[in-house]
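K.L.:
Chain by chain, the residues:
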Amino acid sequence: KAGVTQTPRYLIKTRGQQVTLSCSPISGHRSVSWYQQTPGQGLQFLFEYFSETQRNKGNFPGRFSGRQFSNSRSEMNVSTLELGDSALYLCASSLAGTTIYGYTFGSGTRLTVV
Amino acid sequence: KNEVEQSPQNLTAQEGEFITINCSYSVGISALHWLQQHPGGGIVSLFMLSSGKKKHGRLIATINIQEKHSSLHITASHPRDSAVYICAVSGGGADGLTFGKGTHLIIQP
Chain C
1 KAGVTQTPRY LIKTRGQQVT LSCSPISGHR SVSWYQQTPG QGLQFLFEYF
51 SETQRNKGNF PGRFSGRQFS NSRSEMNVST LELGDSALYL CASSLAGTTI
101 YGYTFGSGTR LTVV
Chain R
1 KNEVEQSPQN LTAQEGEFIT INCSYSVGIS ALHWLQQHPG GGIVSLFMLS
51 SGKKKHGRLI ATINIQEKHS SLHITASHPR DSAVYICAVS GGGADGLTFG
101 KGTHLIIQP
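If you're matching them up, the sequences are chains C and R in order. Residue numbers 1 to 114, in the numbering used here, belong to the letters of the first sequence in order. Residue numbers 1 to 109, in the numbering used here, belong to the letters of the second sequence in order.
Calculated from the structure, these hints are not laboratory results. Possibly wrong hints are sitting among the right ones.
[What the hints assert, rightly or not] Pairs of lysine-lysine, DSS-like flavour, derived with a Cα cap of 25 Å:
{"id": "1", "chain 1": "R", "residue 1": "Lys-101", "chain 2": "C", "residue 2": "Lys-57"}
{"id": "2", "chain 1": "R", "residue 1": "Lys-55", "chain 2": "R", "residue 2": "Lys-1"}
{"id": "3", "chain 1": "R", "residue 1": "Lys-101", "chain 2": "R", "residue 2": "Lys-53"}
{"id": "4", "chain 1": "R", "residue 1": "Lys-55", "chain 2": "R", "residue 2": "Lys-101"}
{"id": "5", "chain 1": "R", "residue 1": "Lys-68", "chain 2": "R", "residue 2": "Lys-55"}
{"id": "6", "chain 1": "R", "residue 1": "Lys-1", "chain 2": "C", "residue 2": "Lys-57"}
None of the values given here were measured: they were computed from a predicted structure.
Start from the sequences and build out the full structure, keeping to the hints where you can.
P.N.:
The structure is reproduced here in C-alpha cells:
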C-alpha cells in the first residue's frame with residue numbers, strides 16, 4: 001500500500017513569505033501529526049489532526065497553523081517566514097490515535113528560508 | 001514536561017558487534033517508540049512498546065516501566081544499520097511525541 005506522501009520534497013522561500021506543505025496519509029489513517037526537525041532543537045511536535053479537528057498542539061507560535069480535509073490529507077502553513085524556520089518538516093499518519101497505534105512517517109519537506 | 005535522554009550520542013562499532021542504545025524518560029508514559037532515521041531524513045518506526053520486550057529480526061527493544069528506561073539492541077550489526085536512532089515517548093501528560101536527541105550509529109565493515 002502507498003506510504004505517507006509529503007510534497008514538495010524541497011522548498012526555498014524568502015523571509016516574510018508564507019509556505020504551505022502537504023501530507024497525504026496512508027489510506028484509512030485518520031490521524032496526521034506534524035513535526036519540525038532542526039540541528040539545534042532536534043525533533044519537536046507541532047500539531048496533530050484527527051477527523052478534521054486539531055487535537056493537540058505543540059509549543060510553536062501562531063504563525064504555524066494547519067488543517068485536515070475530509071479525505072484526511074493535511075496541510076500545514078507557516079506565515080511570515082523567519083530564517084529560524086529552516087528545517088525538515090515531517091508528518092506522520094496513524095490509524096486513529098497517538099498513544100494506541102504506531103506511526104508511519106513521510107520522507108519530509110526540507111524548507112530553506114533565505 | 002517529559003525529559004527524554006538517550007545514550008550514547010555517538011557510537012562507532014565494527015561489523016558483527018552487539019549494539020545497545022539506551023533511553024530514559026522522567027514522567028510516566030503511554031508508549032515508547034524507537035525510530036530510525038537515515039541520511040536524507042526519512043524516519044522509519046521500528047518499535048512501539050508499552051511493556052516488556054519486542055523483537056524484529058536482529059533488533060530487540062525492551063522497556064522497564066518502573067525504572068522509566070528502555071534499550072534498543074542490535075545483534076550481528078551490519079554497515080546498513082548505520083543511521084540515527086531516536087527514542088520518543090507519548091502520553092505522560094504531554095501532547096504528541098517527545099523525542100530524545102538521537103544516537104548516531106556508524107557500523108564499520
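K.L.:
Quick one, are Lys-101/R and Lys-57/C close enough, alpha carbons at most 25 Å?
P.N.:
holds, 20 Å
K.L.:
Taking 25 Å as the top limit, are the C-alpha atoms of Lys-1/R and Lys-57/C close enough?
P.N.:
Holds, at about 14 Å.
K.L.:
Does the alpha-carbon distance linking Lys-55/R and Lys-1/R stay inside the 25 Å limit?
P.N.:
violated, 30 Å
K.L.:
Would you mind confirming whether the straight-line C-alpha gap from Lys-55/R to Lys-101/R stays at or under 25 Å?
P.N.:
holds, 23 Å
K.L.:
For Lys-68/R and Lys-55/R, compute the direct alpha-carbon distance and say whether it is at most 25 Å.
P.N.:
Judged against 25 Å, a Cα distance of about 20 Å means the pair holds.
K.L.:
Is it true that the CA of Lys-101/R sits at most 25 Å from the CA of Lys-53/R?
P.N.:
Status holds; Cα separation ~23 Å.
Comparing the model with each numbered hint stated earlier shows that hint 2 is the single one that does not hold.
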